[in-house]
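Enquirer: This is what each chain is made of:
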Amino acid sequence: MKFIDEYRDAQAAGRLAQALARVATREWTLMEVCGGQTHSIVRFGLDELLPEGVTLVHGPGCPVCVTPVEFIDKALAIAARPEVVFCSFGDMLRVPGSAKDLFTVKAEGGDVRVLYSPLDVLALARRHPDKQVVFFGVGFETTAPATAMAVHQARREGLKNLSLLISHVLVPPALRAMLSSPLNKVQGFLAAGHVCTVMGFEEYEPIAREYRVPIVVTGFEPVDILQGVLMCVTQLEQGRHEVENQYARSVRRAGNQPAQELMRQVFRVVHRAWRGIGTIPESGLGLCEAYAEFDAERRFDVQGVTAQESPECRSGEVLTGVLKPFDCPAFGVTCSPDRPLGAPMVSSEGACAAYYRYRRRPAAAEA
Amino acid sequence: MDWNANCPVPLGRHERVLMAHGGGGRLMQQLIAAVFRPAFDNPLLETRHDGAALRLPQGGRLAFTTDSYVVRPLFFPGGDIGSLAVNGTVNDLAMCGARPLWLSCGFILEEGFEIAALQRVVESMRRAADAAGVVLVTGDTKVVERGKGDGLYVNTAGIGALEHERVIGPGSVRPGDRILVSGDLGRHGIAILAARESLGFETEIQSDCAPLAAPVLALLEAGVDVRCLRDLTRGGLGAALNEIARDSGHDVRVEEAAVPVREDVAGACEILGLDPLYVANEGRLVAFVAPEHGGRALEVLRRHEATAGAVEIGVVQESREGQVTLATRFGSLRLLDLPSGEQLPRIC
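Here the protein sequences line up with chains A and B, keeping their order. Going by the working numbering, the final residue of the first sequence carries number 367, and the count climbs one at a time with no gaps. Going by the working numbering, the final residue of the second sequence carries number 348, and the count climbs one at a time with no gaps.
Because the hints were derived from the structure by calculation, they are not lab data. Quick reminder that beta carbons are idealized off the backbone N, C-alpha and C, glycines included. Worth double-checking, as some hints may not be accurate.
Unchecked claim - Per label pair, the in silico range of CB-to-CB distance:
(1) S250/A - E46/B: 48 to 58 Å
(2) Q18/A - N42/B: 51 to 61 Å
(3) E292/B - A99/A: 49 to 59 Å
Claimed, not checked - In silico EDC-like links for lysine to aspartate or glutamate, alpha-carbon gap of 20 Å or less:
(4) K131/A - D295/A
(5) K148/B - D47/A
(6) K324/A - E108/A
(7) K100/A - E15/B
(8) K148/B - E202/B
(9) K324/A - D111/A
(10) K160/A - E289/A
(11) K148/B - D111/A
(12) K185/A - E237/A
Assemble the whole structure, with the sequences as input and the hints as a guide.
Expert: And the structure:
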């Protein structure tokens, strides 16, 4: 596969691992921000290739994982209504809310559908004028432009039977929140390549300066990740703290400006609760007033729904790199992909699910 | 056999059936263990194979199996529900080491279904039966109201002759056994996904749907010490290896670089966020053979069109864990777990 194979080349990976072993003279803890990167690291066993002192901890960049249980409950309430066709990305549909998940709502008779693109809801809404079509828009800056485009086109077409339940989140405020925490031990970041493809990396420059941390915009394939680690460790060893771009084949400093412009038209920045972490100021996107008629929370009057997280689930610590999945007492015992306590065990980008799937220890294996 | 993208892992204990209960993964195992096995428990069922090997009172052995087909769309590149219903049951018999002979066929038709489409399906079944050397000897037809079926569901059951005393199944697997797959993986699942209008991507990928009885019988006739066979349907290679590892009590080690996946299938999987090791096939098998017979088995398989791409992908290791590990291209080792439900497209 052209453009993939060269970034999965075992010899290139080996050479980067050797270079890293030469460069690293002391212990460093880096965080890969994106769950897609976590998945690659665990799937390809990349952390086994790192020199002993270099540790990767897994970040909050799993859109499904950080969506608060309250939002899932709102989704469940809307999806159960008989007039609703409820759509979202596949992963979102199996995350547990307080009592059930969206697939259970489907088994109980709700019309719940998996979509690949938010734009598909437009066709659905046109095809079912007698139904209320609702899209559950989650994710970071990567998926937000497509959600924005769906809302934008819905308004242009005057689609009255389409609305969106929006829980989009932003990376930079989460990095600031983690770096401000007394528990923080992260010394450098591999920023998420796809997020930066949209947003560019200008907004990371003040973070690198203020907190004196190197940030390397990094891709998702094994060679990308090892190169990102090498660039980050090299900065740390040299006492630098800059934003560098490993993923230059996709990311420009200014990002995708038409996408950003569309996001500015449709969304406003809001305070957002992150599952397991808590509310981070100005860390999410909601629909701005001009598009308020498409807000499913208002249309279906679920703004008042509140919910409690499972106290046994320590996803907040996992999502901020404080706790490794293996060190959670519930891992593989009371929490598994079939009976998840929290979203990191469900999502394909969740750190707990990646550990469970690729390296479950025999002791933790369930029947 | 449906390969459905929209059914995933759910909450713990379930009061209702979820799509994932039919996914060939852990949830389906739980359903069998919790509902079916306690009710029907008997020694023949306990062999946990694709079909049952039966000894007739007056001597001689038969293999018996059944399967239902609910694929959507009914017609897809490389096959249709008819060819699938014949080949799927033929292959289940072949995995017992049997010569497939007779098939039954049950049709559940939805009111309003086009007779012309039914004729196409039936014609396709006849061609597939001729090609596999089986005869459709009995059948049944039911009609359900419009909206209560997906156009057409098909059930087939099959009987085959066991012409040897060999026990083919997980219980015969031994450390050192060579693991072979009969060709490149993932084509059926991707062909079906691509044929669903909602995905909106175009490929030339055709289903691998094909009968596997001839190459299996050729293996046995060549004297290859065949320990276990499994066709790689729902859940793909990953699910099959996990079931065999668990039921044999031995570990399975697979070399990632040796597993054949066509570039276009790998590309489609990349885009959709699927792992080809878990994607369904309808004309592929995995064979466990005695260590000294690996080369001869490959020679025999490669003489048949449906198994011409056979390669060795791994080996059975001594252990009591019953786990499947994958040696990655990067020299690291990781678990190849049983899929939970079915694979889901990812978010970004």
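Enquirer: Going back to the hint list, which numbers does this structure go against?
Expert: 5, 6, 8, 9
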